[in-house]
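Protein chains: 2
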Amino acid sequence: MKKFINEAANVETEMLDGLAASHPEYVERLEGLDVIVRSDKKKDKVALVSGGGSGHEPSHAGYVGEGMLDAAVPGAVYTSPTPDQIFEAIKAVDDGKGVLLVIKNYTGDVMNFEMAADMARDEGIDVDQVVTADDVAVEDSLYTVGRRGVAGTVFVHKIAGAKAEEGADLAEVKRVAQKVVDNIRSMGVAILPSTVPAAGTPGFELADDEMEIGIGIHGEPGTSTEKIKPADEIVDELLGRILADKDFKGKKVALMVNGSGATPAMELYILARRALENLAENDVAKTLVGNFMTSIDQAGASLTLLELDDELEQLLNAPADTIALTVK
Amino acid sequence: MKKFINEAANVETEMLDGLAASHPEYVERLEGLDVIVRSDKKKDKVALVSGGGSGHEPSHAGYVGEGMLDAAVPGAVYTSPTPDQIFEAIKAVDDGKGVLLVIKNYTGDVMNFEMAADMARDEGIDVDQVVTADDVAVEDSLYTVGRRGVAGTVFVHKIAGAKAEEGADLAEVKRVAQKVVDNIRSMGVAILPSTVPAAGTPGFELADDEMEIGIGIHGEPGTSTEKIKPADEIVDELLGRILADKDFKGKKVALMVNGSGATPAMELYILARRALENLAENDVAKTLVGNFMTSIDQAGASLTLLELDDELEQLLNAPADTIALTVK
Numbered sequence: 008m009k010k011f012i013n014e015a016a017n018v019e020t021e022m023l024d025g026l027a028a029s030h031p032e033y034v035e036r037l038e039g040l041d042v043i044v045r046s047d048k049k050k051d052k053v054a055l056v057s058g059g060g061s062g063h064e065p066s067h068a069g070y071v072g073e074g075m076l077d078a079a080v081p082g083a084v085y086t087s088p089t090p091d092q093i094f095e096a097i098k099a100v101d102d103g104k105g106v107l108l109v110i111k112n113y114t115g116d117v118m119n120f121e122m123a124a125d126m127a128r129d130e131g132i133d134v135d136q137v138v139t140a141d142d143v144a145v146e147d148s149l150y151t152v153g154r155r156g157v158a159g160t161v162f163v164h165k166i167a168g169a170k171a172e173e174g175a176d177l178a179e180v181k182r183v184a185q186k187v188v189d190n191i192r193s194m195g196v197a198i199l200p201s202t203v204p205a206a207g208t209p210g211f212e213l214a215d216d217e218m219e220i221g222i223g224i225h226g227e228p229g230t231s232t233e234k235i236k237p238a239d240e241i242v243d244e245l246l247g248r249i250l251a252d253k254d255f256k257g258k259k260v261a262l263m264v265n266g267s268g269a270t271p272a273m274e275l276y277i278l279a280r281r282a283l284e285n286l287a288e289n290d291v292a293k294t295l296v297g298n299f300m301t302s303i304d305q306a307g308a309s310l311t312l313l314e315l316d317d318e319l320e321q322l323l324n325a326p327a328d329t330i331a332l333t334v335k
Numbered sequence: 008m009k010k011f012i013n014e015a016a017n018v019e020t021e022m023l024d025g026l027a028a029s030h031p032e033y034v035e036r037l038e039g040l041d042v043i044v045r046s047d048k049k050k051d052k053v054a055l056v057s058g059g060g061s062g063h064e065p066s067h068a069g070y071v072g073e074g075m076l077d078a079a080v081p082g083a084v085y086t087s088p089t090p091d092q093i094f095e096a097i098k099a100v101d102d103g104k105g106v107l108l109v110i111k112n113y114t115g116d117v118m119n120f121e122m123a124a125d126m127a128r129d130e131g132i133d134v135d136q137v138v139t140a141d142d143v144a145v146e147d148s149l150y151t152v153g154r155r156g157v158a159g160t161v162f163v164h165k166i167a168g169a170k171a172e173e174g175a176d177l178a179e180v181k182r183v184a185q186k187v188v189d190n191i192r193s194m195g196v197a198i199l200p201s202t203v204p205a206a207g208t209p210g211f212e213l214a215d216d217e218m219e220i221g222i223g224i225h226g227e228p229g230t231s232t233e234k235i236k237p238a239d240e241i242v243d244e245l246l247g248r249i250l251a252d253k254d255f256k257g258k259k260v261a262l263m264v265n266g267s268g269a270t271p272a273m274e275l276y277i278l279a280r281r282a283l284e285n286l287a288e289n290d291v292a293k294t295l296v297g298n299f300m301t302s303i304d305q306a307g308a309s310l311t312l313l314e315l316d317d318e319l320e321q322l323l324n325a326p327a328d329t330i331a332l333t334v335k
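Those protein sequences? They're chains A and B, same order as listed. Quick note: to get our numbering, add 7 to the position in the first sequence (first position is 1). Quick note: to get our numbering, add 7 to the position in the second sequence (first position is 1).
No wet-lab data here; the hints were simulated from the structure. All residues carry an ideal CB built from backbone N, CA and C; glycine is no exception. Hints should not be assumed to be uniformly reliable.
Claimed, not checked - Examples of chain A residues toward chain B, derived with CB under 10 Å:
1. Val-196
2. Leu-213
3. Ile-220
4. Lys-259
5. Thr-301
6. Asp-316
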């Protein structure tokens, strides 16, 4: 394992300290807690809270700020945050208009966020939730009943965050978030596995000529190991699976080409080129290319499609100002 | 070599097609040329043109847009663009107020940009230039007389770009750009080398317990191969070299923690944490953490310090809207 770290046991806390110290104009870390909140807390709005295991940076702390999240709650690497931790985040950001939790569909995450929601309701805080499950690769997994929530989650942060910033009430913010959840599909691939610092060895093995199709975001193997192919064929396979799952034909869409941490921008753009060729009959209103939801140092990529209506498109393009995504 | 590519010979052109197709709101590719220009060309301003070999993405095309560059000219991977290509870029963006070239100090880049400038002057275009040379690791290198231009170049794009956007004349834009050049220092490290697609093998070899200190951005070896150390000690070494080269003591500065392509954000923030600890006596007015000037799939990082005065700070924080850097 080669990494720029000190003690493996300290990577999460040192990373959060580094993030908070680097971007005081955007975020602060709640004292003594693994919770990142907006430093310019906006009053009188519904608050959005998301999170999950660490290792997905810039998710989720990178999306805390104007027009996106109000708090991010990172657990240990690839591990759900605790209910107490999520509860503290909810209390810190609630301003009387309620809190929407954006949860990626993993058994541990759903359980812990729901426990935190119950704790918050006991204190009179209005809490609701949506659960993202955009990965078309699997119906159930090692960590999930139902589909996994992956990179498409960032579209929920952006769009629901914009709705909340406009001053909408909790039911309206949830409605919009759920509309995004219902209209996103993703699928991923990896050519090199990730290594959890505390484990010290990769999550799975791949030969020099192999790739892992249908990969998740927690270092687990995908659905099949195949011989590596030209980039265009990989895109055709991933996008084919997405298009087979939901009818995007002729629709207005947003496309995300997401890198999983160690994939150069050069390669992401080569993937994007083919994806956009394949979507020539669509109106692709927005394309995002970069590292949005990573798996530490995995070399891989995922494609996400979101079907847009006018409301979602307007909110996707609404202003946002966060560490990892700024829209003027 | 494991990469998401098709034919190695096509990576540059496919990447540029992908970039232009992904972000039509920001850029377009000049037909038949490896030149990326702003799609909303702004009239009546000094134009900024930069470029260099491909493989440094998002540099330089990712910084084409409002408040930064007007054109980017990418050569083949790690290879200077041609004079003709740069000349076409200059002609495409000049609007009668002149063009400033931002050149990284490599013999080939300087020669080709200067030839293009001469060609443009022959057509009556007012062209001037600055040359970045921020890498403190070497005085001369395989590719350079004098110091190499590395990640600090992005600060020149941002700050000189803001000055041009304000409507300043060419002499003023150059003055500000040169002030940045004079006040940036960088130093880099790698733990895994990069692989040029057309070569198919890494640029150098490192053992499992080794790192390369004083690395450049073109896949070449650094100044010394050392045993890998804890992240904090690596930062102390890099920053120590920077601080020994220029007196930043007590000054207002901007810090960039740059990833070289395959370095997870987690590790960049662990490096940033220590860098900011070491700069506790400085006023760090801005910290940028991410992949700004990469070396394809190299796992590495560089630190850059820029001494700020009020003028540079204002321009650094001025609005910008590009693919890779947006400031509201």
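Here is how each hint holds up against the structure:
With a least beta-carbon distance of about 8 Å to chain B, the hint placing Val-196 of chain A at the interface is held under the 10 Å criterion. Interface hint status for Leu-213 of chain A: upheld, as the beta-carbon distance to the closest one in chain B is roughly 8 Å, under 10 Å. A cut of 10 Å between beta carbons decides the hint on Ile-220 of chain A: the least distance to chain B is about 13 Å, and the hint is violated. Because the beta carbon of Lys-259 of chain A sits about 15 Å from the nearest beta carbon in chain B, more than 10 Å, this interface hint is broken.
For Thr-301 of chain A, the suggested interface contact is upheld, since its CB lies about 6 Å from the closest CB of chain B, less than 10 Å. Interface restraint check: Asp-316 of chain A against chain B, minimum CB-CB distance 20 Å, threshold 10 Å, status violated.
Going through the hint list in order, the structure does not satisfy hints 3, 4 and 6.
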